[in-house]
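> Let the sequences and hints guide you as you build the complete structure.
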Amino acid sequence: MSGSELDAETGAAVQARGLTKRFGEFTAVDGVDFDIQAGEAFGFLGPNGAGKTSTMRMIACLSPISGGSLQVLGLDPMRDGPRIRSRIGLVPQEDTLDLELTVRDNLYLYGRYFGLPKKQLRERVDQLLEFARLTERADERVDPLSGGMRRRLTIARALVSSPDLVILDEPTTGLDPQARHLLWDRLYRLKREGVTLVITTHYMDEAEQLCDRLVVMDAGRIAAAGSPRELIEQWSTREVVELRFEPEGHQAHGDRLADLAERVEVLPDRLLLYTDEGDATLDAVRSRGKSPIAALVRRSTLEDVFLHLTGRSLVE
Amino acid sequence: MSTAGAPAIPLPLRVIPPLRVGRGRARLLVERNVVAYRRGWIFLVSGFFEPLFYLMSIGLGLNHLVGHLAIGARSIPYTDYVAPGLLASSAMNGAIFDATFGVFFKLKIAKTYDAVLATPLGVRDVAIGELSWSLIRGTVYSIAFLAVMAALGLIASWWAVLCLPAAMLVSFAFGGIGMFATCYMRSWQDFDLISLAIVPLFLFSGVFYPLSLYPGWLRTVVMVTPLYQGVALLRGLDTGVIGPVLLVHACYLGLLGAIGLVGASRRLGRLLLP
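So the sequence lines, in the order shown, correspond to chains G and X. One point on numbering: in the numbering used here, the residue at position 159 of the first sequence is 159, and numbering is uninterrupted. One point on numbering: in the numbering used here, the residue at position 256 of the second sequence is 256, and numbering is uninterrupted.
FYI, nobody ran anything at the bench for these hints, they're computed from the structure. Some clues are possibly wrong.
[Claimed, not checked] If you anchor each label on the Cβ, the simulated ranges turn out as follows:
#, chain 1, residue 1, chain 2, residue 2, range
1, G, P268, X, R186, 54 to 60 Å
2, G, G226, X, V262, 44 to 50 Å
3, X, L273, G, T301, 34 to 40 Å
4, X, F191, G, Q178, 39 to 45 Å
5, G, N48, X, A258, 41 to 47 Å
6, X, G61, G, T135, 53 to 59 Å
7, G, K118, X, R266, 47 to 53 Å
Source: prediction; values computed, not measured. The C-beta atom is built at its ideal place from N, Cα and C for all residues, glycine as well.
Below you can see the structure in the form of structure tokens.
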């Protein structure tokens with residue numbers, strides 16, 4: 001991607017300032033700021049309804065912005081929609097494969113929508129079929145394919161136009177672990193080739209694996225931003241001690257152990273002690289004569305950050 | 001799991017896609033429909049036979065009972081009278097199926113347009129592309145029907161060379177308005193409304209007998225419906241009874257199609273790009 005097409009000041013592939021999306025009275029995205037650098041993998045994390053998909057759709061020029069400003073590849077989505085979309089590959093949350101076409105024609109015609117010449121496109125489709133490991137199923141319809149195959153086809157389809165920016169909205173939801181790892185491998189390859197990736201997910205391991213930087217969204221706002229490591233440093237401790245007692249005593253135990261950790265969280269089935277030295281904390285717990293049924297010292301993960309920032313209650 | 005052996009996509013990745021401007025992109029949706037129908041071409045043909053069967057049974061059959069009918073100052077055989085009417089309904093059938101069922105399936109069930117709109121194509125391209133496709137299908141039906149008419153000697157005037165563009169206007173009108181209506185459909189049940197409109201149009205729009213058989217108020221009602229406009233236009237051209245009123249029919253049909261196209265394209269934008 002040539003620098004001249006990017007935002008002149010920041011070199012950002014996507015730049016949002018006070019970006020807002022309203023549907024009638026409901027505010028889905030509430031004045032968010034972010035910069036996505038060219039060539040990086042940028043994640044949007046958040047519970048359902050946090051505004052991730054609305055943000056993705058605005059970036060993909062599929063939804064007019066309600067307020068603030070947005071620049072994508074240095075262009076204005078409201079004015080240059082077709083031009084921006086010609087350089088974006090979109091992997092939507094639901095596969096929108098063409099059910100009336102074969103696997104091969106799904107890729108071929110999608111490429112035609114981008115105006116790619118036929119001969120060149122045929123070669124490209126063969127490469128993408130290999131890339132998605134679908135060569136053997138090329139002349140079948142989409143219907144009988146497994147969920148993983150459909151997802152791979154959707155991702156291959158998004159790449160047909162050799163996009164500079166690929167937007168993946170929950171790319172691995174509903175896939176088995178094998179299929180997820182295969183997809184991650186494909187996404188690494190893309191990143192190495194210099195493609196900018198924008199990913200939404202609610203799998204924390206996926207975000208840690210794939211994203212250089214990410215934002216955690218909650219209720220339409222950005223709750224935190226940074227690299228996975230920075231977020232853990234900023235919002236959690238180095239380690240977490242998980243203790244299991246008799247369930248009815250958890251609250252009382254939590255109160256009594258509160259001074260041993262930076263933060264104590266009481267869950268129905270266990271106590272979480274956030275601390276920088278897990279073993280020392282566990283020793284201290286034991287030295288007070290408390291013997292949990294089970295104890296585990298582990299490193300903090302992005303999941304701890306996520307749950308801390310967005311809460312544990314179920315959002316529908 | 002091993003992922004070795006999977007080929008990387010060779011660089012350079014970037015092949016600058018020549019960005020098609022404006023209407024050129026709608027053509028790509030027609031291309032998609034051609035590919036999609038390559039395997040299901042039989043469905044393309046089926047709808048043509050319905051008016052043909054009517055022509056065989058009612059046209060040729062009743063011809064012996066009815067004999068001749070007066071058109072203006074002339075008297076023509078009943079078959080010649082019915083044929084242009086059935087041509088109009090053939091043009092209507094050809095366009096309406098894909099503009100309604102086809103568009104609804106792609107819009108609500110298969111989410112085809114959601115995928116299309118993530119490419120450089122926009123809602124206007126989708127609307128123009130789908131209407132063009134309906135128009136193509138209607139035109140194919142019309143050409144086939146005209147060929148049958150010619151073979152049976154049912155073309156009575158040189159003006160009939162204008163029957164094809166006129167039949168295309170009928171397809172345009174029904175394709176446009178059908179697509180517009182489809183954008184408001186919520187489920188397949190709503191499609192009963194389409195049948196509820198199409199069947200009486202076919203039966204009462206003067207395809208089979210002149211409107212003079214109706215009482216005055218009913219005649220007026222029928223005259224403002226679109227199939228009557230098409231039937232009157234095609235019958236005038238086929239039989240060579242020409243007058244300025246034919247231009248009025250043509251304008252009516254063109255306007256109806258244009259309203260449908262603009263309305264559908266706006267509605268699609270509201271539905272697909274919220």
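> Determine for every hint whether it applies to the structure shown.
Verification of the hints:
1. G:P268 <-> X:R186: 54 to 60 Å: At roughly 43 Å between Cβ atoms, R186 of chain X and P268 of chain G fall outside 54 to 60 Å, so the hint is violated.
2. G:G226 <-> X:V262: 44 to 50 Å: Since the Cβ atoms of G226 of chain G and V262 of chain X sit about 48 Å apart, the hinted range of 44 to 50 Å holds.
3. X:L273 <-> G:T301: 34 to 40 Å: At roughly 38 Å between Cβ atoms, T301 of chain G and L273 of chain X fall inside 34 to 40 Å, so the hint holds.
4. X:F191 <-> G:Q178: 39 to 45 Å: Distance hint for F191 of chain X, Q178 of chain G holds at roughly 42 Å.
5. G:N48 <-> X:A258: 41 to 47 Å: 43 Å, holds
6. X:G61 <-> G:T135: 53 to 59 Å: Holds: the Cβ-Cβ distance is about 57 Å, inside 53 to 59 Å.
7. G:K118 <-> X:R266: 47 to 53 Å: 33 Å, violated
When held up to the earlier numbered hints, the structure conflicts with 1 and 7 and fits the remainder.
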